[in-house]
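Asker: Chain by chain, the residues run as shown.
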Amino acid sequence: MTVLSKLEAADFINRTFKPLPRSYGDALMDAALKDPRIVCLSADLTPPTETDRFRDELPERFHNVGIAEANMIGIAGGMARSGEIPFVHSFCAFVTKRCFDQITMQAAYPNLPVKIVGFLPGVATLLGVSHQAIEDVAMMRSVPNMMVFEPSGPQYHAAAVELALQHDGPVYLRMKRPEVITDDPIVQQPLTYGKGVVQREGHDLTIIAAGLEVVEALSAAEQLAADGIDAAVVDMHTIKPIDRELILDQANTTGAIVTAENHNVIGGLGSAVAEVLADAGIGLPFRRVGIQDHFCEGGTTPYLLKKFGLDSTAIIDACRDVMTRKKTER
Amino acid sequence: MSENRNLREYEQIATRLRLHVVNMVAPSGQGYVQQGLGAADIFTALYFGEANMDPANPSWEDRDRIFLTTAHNTAIFYATLGERGFFDTNLLSTYVQDGSALEINSCERMGPFVEATCGSLGQGLSVALGCAMAAKRQGKNSRYYVILGDGEMQEGQTWEAAMLAGARGLDNLCLIVDYNFVQSEGPMDQVMSLEPLNDKMQSFGFHVQDVDGNDIGALLNALAVARETKDKPAFIKANTLMGKGVSSLEGLMFHQLRFPKEVADSARAELEARLA
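Residue numbers (this note's numbering), protein chains in the order written: chain A, 533 to 862; chain B, 9 to 284.
Keep in mind that the hints were calculated from the coordinates and are not lab data.
Fair warning: this is a prediction, and the values are worked out from it, not measured in the lab.
Wrong hints could be hidden among the right ones.
[To be verified] Calculated from the model, a selection of chain B residues having no Cβ within reach of chain A, i.e. all distances over 12 Å: (1) L15; (2) R16; (3) S150; (4) E163; (5) L260.
[Said to hold, decoys possible] With a cut-off of at most 20 Å between alpha-carbon atoms, the simulated EDC-like pairs for lysine to aspartate or glutamate come out as follows: (6) A:K629 - A:E667; (7) B:K148 - B:D72; (8) B:K144 - A:E592; (9) B:K208 - B:D218; (10) B:K144 - A:E711; (11) B:K148 - B:D239; (12) B:K148 - B:D218; (13) A:K629 - B:E58; (14) A:K550 - A:E711; (15) B:K148 - A:E592.
No residue lacks a Cβ here, since even glycine has one placed at the ideal position from N, Cα and C.
Kindly generate the complete structure, drawing on both the sequences and the hints.
Answerer: Have a look at this one:
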């Protein structure tokens, strides 16, 4: 019989029951140790937002305000008015949708350095439709003064903290924790504000992806290569301000674009790319992979990506479609 | 900086503020005249008596902050700011004109003396709370005042903020509710009563005082007691009479009042006579 010597809290994210890395939480701690203006706010979701180290090591700069996100945003506005740089944390669904008016009036309109950090982006959670944020990017992108970042993995979480601090105003960081632990250490890599990363060069078409869809896009590109289709993959970690120059370059050099996002296809990354292309007068074969304007359900991430058309197979289908159109429309 | 005055001088200031309210609202023939007249004594006590501020340096870091969260009650707010010296009172004649910064709902684009943009009701207390929490951590002695509307307290966020203020014992925070008993659609108890409000605030951890909101002496006293209260945020229920100070308007319970020229003229004459 197994006797448990110590019971630990579960969080519906960790599937391995080994300690998850806190790439974001550690980076926030490092930044806070360098800059005494940084304070940390939580709405009773401290470990799942990787802020437990901050809570334990800098308690005088940590505030668990209770389960009250609207109040948390207002408080952050007040703290920012008092010379502090508040990082506020919850799940994406709660820290955007539940307090959107407060975000616009108490962070964005006064252009205060309130850093809004959400975890559980898009569909990727067991916790179901209440906890899924499939509209958050559309909402946050539409707010004046607000910048939006979605790193593609924990190796960019330290860079994401830097991006958030580089903009002297409000930002939304859309973060995803890894679900499983590998033995390989996570090596932090830099990102440049407003500049997408070409993760894979290609000549036939470009997949522009963000967040967990970057891994799916790279997998799709590998599989397409076996069929002789040479797809470029762009990691668009800064959704606002979006990298217009890179989008137009890729449109000119590859002539077809597929976007991939863990979000509704209305208003998110795909819309942002389409806006850039349309504004520049560029018409080309184009598809948006993402949630096709419906609500989803809870489940494991691989199940959800497959069911809702976000996995590499869905991206491959979209790529084949634009390649066919590229040939026939020429 | 606060200045020492006798009660008669405060009452003269309140009358001047009421006269501005009448003159500002009269040209459009309608507006928030009843609330302005009713709240004139609260604004007088706070801006001319209790609060520590420097109109020559409105961004002064150690100033006391006053958040007007009933951001539509601006005739009295702008009149107060002008009389207190934050801007020229000549500007008051531009109230609600196109292009004027003196909008119906106050907005911080006017300047640092508008501490937050609170037209969307229920948000200002949270902002003041954040400032008060930051001040505690930073060892600052500023005080944070919020003038809240009674109807506004129906917004749930008010209670999220009140709960935390009480739980943290923030004694640098003072909440003054302008209890005029009218909201957009009529008397508050017909829409949704807040009563028993004092009991509610007490149970949320506030030090509670119930005062005549049109008695400047009582208000100054309550503000002083609030300042001396330790380890608890303060709540002052200031019972105000709509239209106070103009006999033809006192007690008329209108959120938005039609304000014909002849009514404005007689109000003006009555207030001017009191100043003479």
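Asker: It remains to establish, for every hint, whether it holds in the given structure.
Answerer: Hint-by-hint comparison with the structure:
1. The Cβ of L15 of chain B sits about 34 Å from the closest Cβ of chain A, beyond the 12 Å cut-off, so the non-interface label holds.
2. Non-interface status of R16 of chain B relative to chain A is upheld: no Cβ of that chain comes within 12 Å, the nearest being about 37 Å off.
3. Consistency note on S150 of chain B: stated as away from chain A, yet its beta-carbon is not over 12 Å from all of that chain's, at 9 Å minimum.
4. Against chain A, the non-interface label of E163 of chain B is violated: not every CB pair exceeds 12 Å, the least being about 9 Å.
5. Remark: the non-interface label on L260 of chain B is consistent with the geometry, its nearest Cβ contact in chain A lying 32 Å away (cut-off 12 Å).
6. For the proposed pair K629 of chain A and E667 of chain A, the alpha carbon gap of about 8 Å is at most 20 Å, so the pair holds.
7. Taking the CA atoms of K148 of chain B and D72 of chain B, the gap is near 10 Å; set against the 20 Å cutoff, the hint holds.
8. Proximity of K144 of chain B to E592 of chain A is assessed by CA-CA distance (about 10 Å); at most 20 Å being required, the pair is judged to hold.
9. This hinted pair checks out: K208 of chain B and D218 of chain B have alpha carbons roughly 13 Å apart, not beyond 20 Å.
10. In summary, the hint linking K144 of chain B to E711 of chain A is not supported, as the alpha carbons are separated by about 39 Å, beyond the 20 Å threshold.
11. The suggested pairing of K148 of chain B with D239 of chain B holds, with an alpha-carbon distance near 15 Å, which does not exceed 20 Å.
12. For the hint pairing K148 of chain B with D218 of chain B, the CA-to-CA distance comes to about 28 Å; that exceeds 20 Å, so the pair is violated.
13. Between the alpha carbons of K629 of chain A and E58 of chain B the distance comes to roughly 39 Å, so the proposed pair goes past 20 Å and is violated.
14. Among the hinted pairs, K550 of chain A with E711 of chain A is consistent with the structure: their alpha-carbon atoms are about 10 Å apart, no more than 20 Å.
15. For the suggested pair K148 of chain B and E592 of chain A, the alpha carbons sit about 15 Å apart, so the restraint of at most 20 Å is met.
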